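**Student:** The listed protein sequences correspond, in order, to chains A and B. Following my numbering, the numbering of the first sequence begins with 7 at its first residue and continues without gaps. Following my numbering, the numbering of the second sequence begins with 234 at its first residue and continues without gaps.
It is possible that some hints are incorrect.
Derived CB-CB ranges, DEER-like [claimed, not checked]:
| hint | chain 1 | residue 1 | chain 2 | residue 2 | range |
| --- | --- | --- | --- | --- | --- |
| 1 | B | 385 | A | 136 | 54 to 62 Å |
| 2 | A | 115 | B | 385 | 20 to 28 Å |
| 3 | A | 115 | B | 353 | 38 to 46 Å |
| 4 | A | 219 | B | 330 | 30 to 38 Å |
| 5 | A | 189 | B | 369 | 20 to 28 Å |
| 6 | B | 369 | A | 191 | 18 to 26 Å |
| 7 | A | 188 | B | 439 | 34 to 42 Å |
Chain A stretches covered by chain B per the calculated footprint, using a threshold of three residues with CB under 8 Å from any CB of chain B [what the hints assert, rightly or not]:
| hint | segment |
| --- | --- |
| 8 | 193-202 |
| 9 | 209-217 |
Everything labelled a hint here was simulated from the structure, so no lab data went into it. Given the structure is predicted, the values throughout are model-derived calculations rather than measurements. Here a beta-carbon is modelled for each residue, glycine too, at the ideal position from N, C-alpha and C.
This is what each chain is made of:
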Amino acid sequence: MSDPSKRSPSDTRIPEVLTADEQAAEVREHRRYWLERLLQIGVFTVLVGGWEVSARTGFADPFFFGQPSGIAATVWRWARRGTPQGPLWQHVVVTLEETVLAFSLGVLIGVIAGFALGRNRTLAAVFGPYVRMGNAIPRVILGSIFVIWLGLGMASKVALGVTLTFFVVFFNAFQGVREVDPNLVNNARILGANPHQLSFDVMLPAALGWITSSLHTSFGFALVGAVVGEFLGATHGLGYLVAAAQGAFNANGVFAAMVILSVVALIADALVTWLERRLTPWRPSTRARDV
Amino acid sequence: MTKRFRTPRGTFYVAVHSLTCAIARGEFCAIVGPTGSGKSTTLNRGHVSVLGKPVTTRSENVGYMFQTDAIFPWKNVLQNVATGPLYRGASRGEAARRAREWIGRVGLAGFEDRYPNQLSGGMRKRVALAQTLINGPAVLLMDEPFAALDVQTRTLMENELLELWSGTSASVVFVTHDLEEAIALADRVLVFTAAPATLKRSYPIDLPRPRNVTEVRFDPHFTQLYQRIWEDLREAVIAYERSIKEITF
Chain A
7 MSDPSKRSPS DTRIPEVLTA DEQAAEVREH RRYWLERLLQ IGVFTVLVGG WEVSARTGFA
67 DPFFFGQPSG IAATVWRWAR RGTPQGPLWQ HVVVTLEETV LAFSLGVLIG VIAGFALGRN
127 RTLAAVFGPY VRMGNAIPRV ILGSIFVIWL GLGMASKVAL GVTLTFFVVF FNAFQGVREV
187 DPNLVNNARI LGANPHQLSF DVMLPAALGW ITSSLHTSFG FALVGAVVGE FLGATHGLGY
247 LVAAAQGAFN ANGVFAAMVI LSVVALIADA LVTWLERRLT PWRPSTRARD V
Chain B
234 MTKRFRTPRG TFYVAVHSLT CAIARGEFCA IVGPTGSGKS TTLNRGHVSV LGKPVTTRSE
294 NVGYMFQTDA IFPWKNVLQN VATGPLYRGA SRGEAARRAR EWIGRVGLAG FEDRYPNQLS
354 GGMRKRVALA QTLINGPAVL LMDEPFAALD VQTRTLMENE LLELWSGTSA SVVFVTHDLE
414 EAIALADRVL VFTAAPATLK RSYPIDLPRP RNVTEVRFDP HFTQLYQRIW EDLREAVIAY
474 ERSIKEITF
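Here chain A stands alone, though its shape is the one from the complex:
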C-alpha cells in the first residue's frame, strides 16, 4: 500500500504453475461441472422421453396433449414452409416489435415518473396512492379494453405492455432515488452542484442500479403484454399463432408457438443483460444476476 503511483495494476501476478492441491481441486471442480450437466440432460430426457412414450403408447392422447416429436416437426415445418397464417419470421418480428416498443415506452415513462415523484415530495404525496391503486388492477383485463379502443393492430398490444412494464420500472426508479446515499448528495452539494446537476449527475446515476435491475423483469412483462394482447385479438404475432392453433385443436401447434416464444425470450433476455452491463460499467463484473 506504500505508494500507489509506483505500483502497476497488474503486478500481483502469481507464477502460473499449479500445486498438486490446486490441481486436485481443479479436477474435482471439473468433474462436478460435468456431473451437473449430465444430470441436467438426464432430467430433460426423462421428462420429454416420458411424454413421447406415453403419447405413443396411447397413455396420453396426443390429440389433446401433443407429442414432442410432433412439436419438433411443427416447429421445423413452420420454419421451413411458414405457418398456415403466413411466414413464421413475420410473426416473430411483429411480436418482437410490440415487445420492444412497449418495453421502451414503459421504461421511459416509468423512469421519468419514478424520478419525478422520488425527487418531489409533494408530487409523491399527491400521485403516490393513485399509482399504487393502478398497480393493484389486474392489468391483463385491460387488454380487452385496449383491443376495443385501439383495434386489432399493434397499438393495443403496445398499450397493454406499457401498462405492465411501467409499474415495475416506476417503483424501482422511485425507490432508487429515495435511497440515494445522503453522503453522496451532501458531497455533491458542497462541491457546488445546483439542483439540476444534483438530479442528473448524482440522483439519476445513483438510481440507475435500481432501474437496470428492473429491466429483466420489465422486459418479461412487455413480452407477456404483447403475447396476451395478440391472444385476445390480432392478425399477426406469436400469441395469434397460439390462438389459431387452439382454434384448430392443434395441441402441437400451441406447444410449438410456446417453444419459439421461449427461444425468443431467452435471446431477448441475453440482450437485456448486455444492455445492463453497458449502463452500469462501474459495477464489479462478477455481480450475481438476479432472476
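Place chain B on chain A using the hints.
**Tutor:** Just chain B, lined up with the frame of chain A:
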C-alpha cells in the same frame, strides 16, 4: 450554535449548546471529545462564517471530507476529481486539466480510469482529498476522515494531508476521537465535553513544522502535551459515560 434532538420520551437531548469557536486563517484545528459528544454535529449543523460572512452549503469557501466514502461510485477517478470544477462552471477541458494535476499531487497518476470499487480504501481517500482540495476551499471541515483506515495507511494519509495542506492557505477543522492523531496534525487541539457539547479547553500545539506524524510521536514534548490533554479528555469521557447512564433513552 445549539442543537437539540427529541428523545423517544419527549424530552430534549441537548447535543450541542451555545458553541462558538474562531479559527485563524491557515490554522489547523483539531476537535477531540468522547464518541457521541456532538463533534460531528458541530461540523454538520454549525454555521460557518469566513471573514465574518456566513457561508452557505453551496459555497466556494468550504470543503468537507466525510467519515465514510462519499466519492461517486459511477465516476472514475478523473471524473470524480473534476466534479467540483465542472459544477462551478469550468469547461470540460479546463476541469480535466486541473483534475489531472491534483490526481498527480495525491499520488494517483496512472489511475485516472479506475472506478472507486477498483481502488483500496487509502486510494479512495486520496481521491476524496483531491476532489475537495481542487476547489481551493478557505475552510476544510473533516469529520474523522481516516477513521476507517488501517493504522499504517492512516499514518500515510495524515502525512499526505499535512503536505497538501501546507501548500494551501486553508483553515482546517479536523474532528477525531484519536488524541494522538489530533496532536500530531494540529496547531491547536480543542477538547469537547459531552452532552451538551461545549468547549472545555483549547491547547496550542507548538510542535515544529513541517511535521512527520510518525516521527513527531517520539518527541518528548509530544508526550507531555498528550498527558496534559488526556487528563482533560478523560474527565470528559467519564462525565459523558455518566450522563448516558442517566438519560436511558
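**Student:** Per the coverage rule (Cβ-Cβ under 8 Å, at least three residues), is the segment 193-202 of chain A covered by chain B?
**Tutor:** Coverage by chain B holds for the segment 193-202 of chain A (8 residues, Cβ < 8 Å).
**Student:** 20 to 28 Å was suggested as the range; check whether the CB atoms of residue 189/A and residue 369/B agree with it.
**Tutor:** 22 Å, holds
**Student:** For the hint 20 to 28 Å, verify it against the beta carbon of residue 115/A and that of residue 385/B.
**Tutor:** 52 Å, violated
**Student:** Holds or violated: 30 to 38 Å for the Cβ distance of residue 219/A and residue 330/B?
**Tutor:** 37 Å, holds
**Student:** Using the C-beta atoms of residue 188/A and residue 439/B, is the stated range 34 to 42 Å upheld?
**Tutor:** Given a distance of about 39 Å, which is inside 34 to 42 Å, the answer is holds.
**Student:** Test coverage of the segment 209-217 of chain A by chain B using CB-CB distances below 8 Å; three residues minimum.
**Tutor:** With 3 residues in contact (Cβ-Cβ under 8 Å with chain B), the coverage given for the segment 209-217 of chain A holds.
**Student:** Would you say the C-beta atoms of residue 115/A and residue 353/B sit inside 38 to 46 Å of each other?
**Tutor:** 42 Å, holds
**Student:** Taking the beta carbons of residue 385/B and residue 136/A, is their distance inside 54 to 62 Å?
**Tutor:** 56 Å, holds
**Student:** Evaluate the given range 18 to 26 Å for the C-beta pair formed by residue 369/B and residue 191/A.
**Tutor:** At roughly 22 Å between Cβ atoms, residue 191/A and residue 369/B fall inside 18 to 26 Å, so the hint holds.
Hint check: a violation occurs at hint 2 only; the rest are consistent with the structure.
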